[in-house]
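As you go down the protein sequences, you meet chains A and B in turn.
If you read the first sequence in my numbering, its first letter stands for residue 1, the second for the next number, and so on.
If you read the second sequence in my numbering, its first letter stands for residue 1, the second for the next number, and so on.
These are computed hints drawn from the structure, not numbers from a lab.
Every value quoted in this text rests on a predicted model; they were computed, and no experiment measured them.
All C-beta atoms in this analysis are idealised placements derived from N, C-alpha and C, irrespective of residue type, glycine included.
Keep in mind that the hints are not guaranteed to be accurate.
[Stated by the list, open to error] Chain B side only, calculated, beta carbon under 7 Å to chain A, not exhaustive:
#1 ARG99
#2 GLY100
#3 VAL117
#4 LEU149
#5 GLU155
#6 ASN158
#7 PHE162
#8 SER165
[Stated by the list, open to error] Residues of chain A placed beyond 10 Å of chain B at every Cβ, according to the derived structure:
#9 GLU54
#10 GLY78
#11 TYR125
#12 ASP169
#13 VAL280
#14 VAL284
#15 VAL300
#16 ALA306
Listed below are the residues making up each chain.
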Amino acid sequence: MLKFIVKRLFAMIPVVLAVTFVVFTIMWFVPGDPTNIILGNEWTEAASARVKAELGLDRSFLVQFFHYTANLVQGDFGISYITRAPVGEQLLARFPNTLEVVLGAMLFCVVVGVPIGVYSGVKPYSVFSNLTMVAGLLGISFPIFWLGLLLILLFSVHLGWLPSSGLEDGFASFILPCLALGGNYMANIMRITRSSMLEVIRQDYIRTAKAKGVKAVDVVIKHALQNSMMPTITVIGMDIGTLLGGVVLTETVFSIPGTGRLLLESINKRDTPTVIGCLVIMAVCIAISNLIVDIVYAYVDPRIKAQYGAGKD
Amino acid sequence: MNMEMKKPNEQQTTLEIKNLVIHYISDDEVVKAVNGVNIEIKAGKTLGLVGETGAGKTTTALSILNLVPEPQGKILSGEILLEGRSVLAMSELELEAIRGDKVAMIFQDPMTSLNPVHTVGDQIAESIEIHRKVSKQEALKQAKEMLELVGIPSERSNEYPFQFSGGMKQRVVIAIALTCNPNLLIADEPTTALDVTIQAQVLKLINELRQKYHMSMLMITHDLGIVAEVCDEVSIAYAGRIIEHGTLEDIFDHMRHPYTKGLFDALPDIGARRSELKPVKGLMPDPTNLPSGCPFHPRCDYAMEVCSRSVPENKWLSETHCVECHLYTDTNESML
């Protein structure tokens with residue numbers, strides 16, 4: 001198992017490098033000159049050339065890329081074009097906020113979505129099950145920014161229960177962003193759990209358990225749940241990526257100082273080092289969450305654990 | 001049917017099923033799986049329930065534990081008495097108490113009957129824990145003894161089903177069923193999924209353990225060889241009805257129903273290998289659209305005009321032997 005984890009950690013390196021290369025290339029081809037924004041009204045040909053030389057932008061694409069990568073490997077994300085502060089410091093200051101919002105949304109999805117999915121899978125013909133399917137369809141269809149605005153209207157403007165923006169109020173200020181970000185994914189998790197449970201509950205081993213005299217509740221909890229969790233765990237893992245994408249919208253709607261909003265701002269300002277820094281951090285997050293999902297698989301299903309042990313992954 | 005003609009009880013009855021009707025009802029069709037089955041098993045005896053695929057054997061078996069798949073499966077009428085108590089009148093709590101304790105079931109396919117994510121030891125120990133109210137450690141200890149009893153080294157109790165072969169899995173399924181010494185063991189084609197050498201071992205094991213613990217058994221099979229080996233009495237099922245019932249001798253040597261004869265004729269004869277096989281002609285009727293009258297009449301070589309009009313009554317030919325066929329309305333002698 002340990003060997004498997006170490007192997008997977010090493011496999012992350014080429015993935016992150018590939019992401020860096022793609023992002024770097026895209027930013028290289030994006031039209032517009034960063035010196036326009038850096039210099040603003042003071043832009044002249046001479047000043048632009050001076051700034052470009054200073055930032056190393058006058059060198060060829062490959063030289064720039066290798067220079068950037070060499071620094072990145074040492075943990076140096078470069079200097080922001082706009083603030084002239086190290087990108088690494090900005091990321092360090094803002095990333096925890098993003099992580100809290102994403103993990104909060106994830107927790108909300110799992111804690112609410114899984115039990116509802118399980119229940120409606122076990123009782124597929126109940127009114128409750130049909131209601132959750134309608135709610136699930138709505139949940140999947142709502143765009144984040146719209147759901148976010150509706151939530152702000154209801155809970156902040158009309159009811160005045162929760163803050164509408166920023167993170168100054170601690171826990172309370174995380175509730176609405178997590179709801180808005182998680183709404184979509186909760187619906188997704190709910191539907192996957194339901195369909196997986198529907199399938200598992202019809203398996204022969206469930207009948208065996210019932211024939212043993214296992215109580216109906218225990219049949220679901222002890223026998224069906226663990227078997228039905230694989231697709232749900234897969235979706236939770238895949239959704240980390242989507243959540244990190246959604247966080248750009250959520251942080252913008254709720255004015256949260258996180259990586260998502262930083263990314264959006266830096267794109268608008270052509271702040272290439274910050275854009276790449278944000279995206280690399282997100283790529284690392286996704287790679288790590290995939291690894292965690294693979295490890296969790298092994299604990300849920302002994303057959304997969306045996307495979308990892310045999311090195312046949 | 002004519003239960004008043006039944007011979008008097010000399011022994012305690014473990015299971016009695018009277019006129020059981022079970023249909024699977026969905027939006028656009030009704031599958032008539034069981035259409036008036038009568039079964040009786042005395043304490044310590046083994047009844048073989050024989051029939052083709054789709055004759056309603058498994059549905060009948062599941063109904064004894066009240067586990068007919070819901071919500072489509074509906075027990076429309078009939079009675080199931082387990083040692084005199086009506087299973088269909090029991091609460092969910094009472095059912096949980098008899099399942100695995102008084103009545104246990106060995107399922108057909110060992111590959112899918114075990115939970116893939118639990119160790120075999122845990123799966124055997126579970127019913128001990130539920131019914132014997134002992135600690136987890138004690139249950140696991142007993143589970144290991146049970147594994148040894150079915151011929152699996154107890155060290156393997158920590159392994160998962162995927163680490164076992166098919167025959168070993170079926171032994172585990174048997175261990176689960178026998179672990180609480182049930183009064184009635186239902187074996188639903190326990191050897192169908194196994195290869196022939198393993199079949200013999202598993203059958204021998206079931207038979208030994210059954211005799212050791214003096215259990216009654218309902219052996220569901222389509223294999224007449226198995227019936228000859230383990231059963232005291234035989235019921236032949238066709239389209240959800242018992243069309244002939246008798247002792248092993250009654251059925252094997254004095255069969256009366258044309259379908260029973262067809263089943264025996266279909267067996268290959270080692271002494272006449274050049275002769276062609278004689279299958280029962282035609283197919284099992286569609287359970288959503290059963291023929292009128294006797295369900296076997298479209299396939300029957302002896303069919304008369306009356307056969308398509310009315311369902312034959314159950315007729316007792318002797319103390320032990322009964323048949324549902326119009327051929328025997330006026331006679332007890334073989335018409336075949």
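TODO: Would you settle whether the hint for B/LEU149 is holds or violated, based on the nearest Cβ-Cβ distance to chain A being less than 7 Å?
DONE: With Cβ-Cβ at 17 Å, over 7 Å, it is violated.
Task: Non-interface claim for A/ASP169 versus chain B (Cβ beyond 10 Å) - done: holds (43 Å)
Task: Consistency of the no-contact label for A/VAL284, given chain B and a CB cut of 10 Å - done: At about 32 Å from chain B, A/VAL284 clears the 10 Å cut-off, so the statement holds.
Open item on the list: Just want to verify: A/GLY78 was marked as not at the interface with chain B; is every Cβ pair farther apart than 10 Å?
Closed with: Since the minimum Cβ distance to chain B is about 48 Å, A/GLY78 lies beyond 10 Å and the statement holds.
Task: chain A contact restraint on B/ASN158 - CB to CB distance below 7 Å - done: violated (10 Å)
TODO: Decide, holds or violated, for the assertion that all CB atoms of chain B are farther than 10 Å from the CB of A/VAL300.
DONE: With a cut-off of 10 Å, A/VAL300 comes too close to chain B, as the shortest Cβ separation is near 7 Å.
Open item on the list: Quick check on the hint: B/VAL117 CB to chain A CB, less than 7 Å?
Closed with: Constraint on B/VAL117 satisfied, holds at 5 Å.
Task: Status of the hint placing B/PHE162 at chain A (closest C-beta pair under 7 Å) - done: Hint on B/PHE162: holds, closest Cβ of chain A at ~5 Å, below 7 Å.
Open item on the list: Under 7 Å is the threshold here; is the Cβ of B/ARG99 close enough to any Cβ of chain A for the hint to stand?
Closed with: holds (4 Å)
Open item on the list: Given B/GLY100 as an interface hint, is its Cβ closer than 7 Å to any Cβ of chain A?
Closed with: holds (4 Å)
Open item on the list: Can you verify the interface hint for B/GLU155: is its Cβ closer than 7 Å to any Cβ in chain A?
Closed with: Given a least distance of 17 Å, the restraint on B/GLU155 is violated.
Open item on the list: If I take the minimum Cβ distance from A/ALA306 to any residue of chain B, is it greater than 10 Å?
Closed with: Non-interface label fails for A/ALA306: nearest chain B Cβ at 8 Å, not farther than 10 Å.
Checked against the numbered hints above, the structure violates hints 4, 5, 6, 8, 11, 15 and 16; every other hint is satisfied.
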